[in-house]
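Whenever a hint applies, use it, and build me the whole structure from the sequences.
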Amino acid sequence: MANIISDETIEYVGILAKLELSDEEKEQAKKDMGSMLDYIDKLNELDTTGVEPMSHVFPVNNVFREDVVTNGDDRDNILANAPEEKDGAFVVPKTFD
Amino acid sequence: MSKEYEMVIGLEVHVELATKTKIFCGCSTAFGGAPNTHTCPVCTGMPGSLPVLNKQVVEYATAVGLATNCTINQNCKFDRKNYFYPDNPQNYQISQLYYPICVNGGVEIETADGGKKTIGIHEIHMEEDAGKLVHDEWGDSSLVDFNRSGVPLIEIVSEPDMRSADEVIAYLEKLRQTIQYLGASDCKLNEGSMRADVNLSIREKGQTEFGTRTETKNLNSFKAIQRAIENEKNRQIDLIEAGEKVVQETRRWDDNKEYSYPMRSKEDAQDYRYFPEPDLVPILISDEWIEDIKSRQPEFREEKMVRYAEEFDLPEYDIDIITANKKLADIFEATVAICGNPKKVSNWLMVETMFLIKDRGMDVEDISFSPENLAKLIELTQSKAINGKVAKEVFARIFDEDIDPEAYVKENGLMAVNDEGELKAVIEKVIAANPKSVEDINAGKLKAMGFLVGQTMKEMKGKADPGSVNAILKELLGLE
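Protein chains in written order, with the numbering used here: chain R, 213 to 309; chain H, 17 to 496.
FYI, nobody ran anything at the bench for these hints, they're computed from the structure. No residue lacks a Cβ here, since even glycine has one placed at the ideal position from N, Cα and C.
Sample of chain H residues lacking proximity to chain R, with all beta carbon distances greater than 12 angstroms (derived):
#1 173
#2 237
#3 321
Cut-off 30 angstroms, straight-line C-alpha distance, at most; resulting in silico cross-link-like pairs (DSBU-like, lysine-lysine):
#4 R/298 to H/233
#5 H/148 to R/306
#6 H/343 to H/320
#7 H/97 to R/243
#8 H/233 to R/230
#9 R/242 to H/97
#10 R/230 to H/148
#11 R/298 to H/36
#12 R/254 to H/97
#13 R/230 to R/243
#14 H/97 to R/306
#15 R/238 to H/97
Shown next, in the form of C-alpha cells:
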C-alpha cells in the first residue's frame, strides 16, 4: 500500500465525522482509507493537461424549478421522523449558537 | 507618545432573497409560520431527497451582481460545505466556493469628508439558510424549527477596503438601497433578512501588512454595528499596546452588554471539506439571459435623483430623503400621479411620515398606507375642506389604519368651518368675553392676537382655518 494513514489523521477524521472508533476499528479504517487513496492515485497516472475539471458526468445543465409554492404544511409527517418532538419542533441537546 | 492606528475592515453580508419559495424545494419562505409548517423532506435533510434549484434565485443573484458592477460567472456550480450543527439538518450546507455566481465588483460610497471611495466586492455567492434554534427554558434541550432552513441567501463578500465605522455604514446603506431597489430583498437587519459579519484588524498607520483579524457576528442594527466596531477596535489596540497578540477568532456581540466574547471554537479549526455538490447540475448563464436580466433592472437611485429634479422641480434635500428608500420613492410617485403637487406630497412623506415611523418604532419598509388616501388628504387640505391641524390627525389614522380620509372627516364632523357668518359670530363672542386682550391689542401688544385666535379655535373645536380666523379678527378689531 502506497498510502499510509497516520494515527493523527485517523483521529482527526474521526473528530470531523463525529465518530468514536475503537482501536481495532481505527486500524481497519486506516487500512481502508489507504487502499481508497491508492485507488484514487491511479487517476494521477493519466495526463489531464488541458482538461477542464468537471463536477458532473452527465451533459445536463440548468435544471430549475419555477418560484411557485408546491408544498403545504406536512409537519406531522416530517416530525414523525424525530426521535423526540415538542411544540411542533425537533428536540436536540441544549445548544448555544 | 501613543502610536496612531487604523482599522482594516471587510464585511460578509448575508441577504435573504425575496423569493416565494425556498432555494431547493417548493416550501414557502413566509416569515412567522408556526414551527416546521414550511418544511419537507428536502429542507429537513431526509435521506434520499433531492434538491432542485429555484430559477428566481439565480435571477436575483445575477441582478444584484450586475447592479454592483460584478462579473457574472457564466458557468457556475454549487459546493458542499460540511459541518455538524443542529440547525443544519443535512450536516452540510449547499453553498458556492469554487465558482461563485458573481466576482470582482464594487460600489461607490460617500466618505465623511464628502469624497467618493469604491469598496470592492470580492464575490457574491448563493447558498441556503439554516434552521432556527430556540432554547427550551424548562428543559435541558433546544428546539429546532426548520422553516428558515433552505431559504435562499446571497453572501456578499467585500474586499478589506473599509477604514472606519462610517464607511462600513455607508457601504451597507448602499448595498441595502441597491438590493431594495431591485426588489431582491427587503434587507431588514432587525428581522435578519440582512446580516453583516465584521472582519476587523488593526495596524499602525502607514503599515501595508494586515494585522490578525477577528470576525464579529450577531449584529442586528446599524447602531450595533457601529458600537461593535468601536469596541473591537479598542480591544485590539489595548492588546497590542500591552504587548499581547490578537487571536484570530469569531466573536459574538452582545448589544445589551455592549461587549463581544469569543464563540466556543468548534472542535478543531474550521475544516469544511468542501467538494462539488453532486446533486445539482452546473448553471450556465448565457449572454441572452444576462441581457434579459439587465433589461429588467429598475431605475436606480442616481437616475431617479436626476429625473426628480427635472420632472418635479423638488429641492435637493427632498430628493435625497425621498429616493433614499425605494418604498418611499414608490409611494411618492404613485401619490403624485393621482393628485399632482409633488412638493406637498414630499412634505407629508418627509415630515409626518418620518415622524410617525420613528414614533411607532417602525421601519420605512413597514409603511402600509395607500397613495390614494394620501392623495385624497392632500386634496382635502388644498380645497380648505379641513385645516392643517385636523389634516395631521387624519394622516395619523391613514398611517396607522389606511382609513379613507373623505369618509373619516365626514363621519367625525371634522370639515373646516368656512362659513364666514358662523365664524364671525363665534369671534364676536370671543372678543366680548376677553376685554382685557382687546385692550392689550389696542395698546399695541399684538401678542394677545394669538390668544384670541386660540380661544376661537377652541370654541370651534379646531375646525376653523386659522388664517380665516386671523383675518376676521383683524377686521372686527379694526386693525386692517
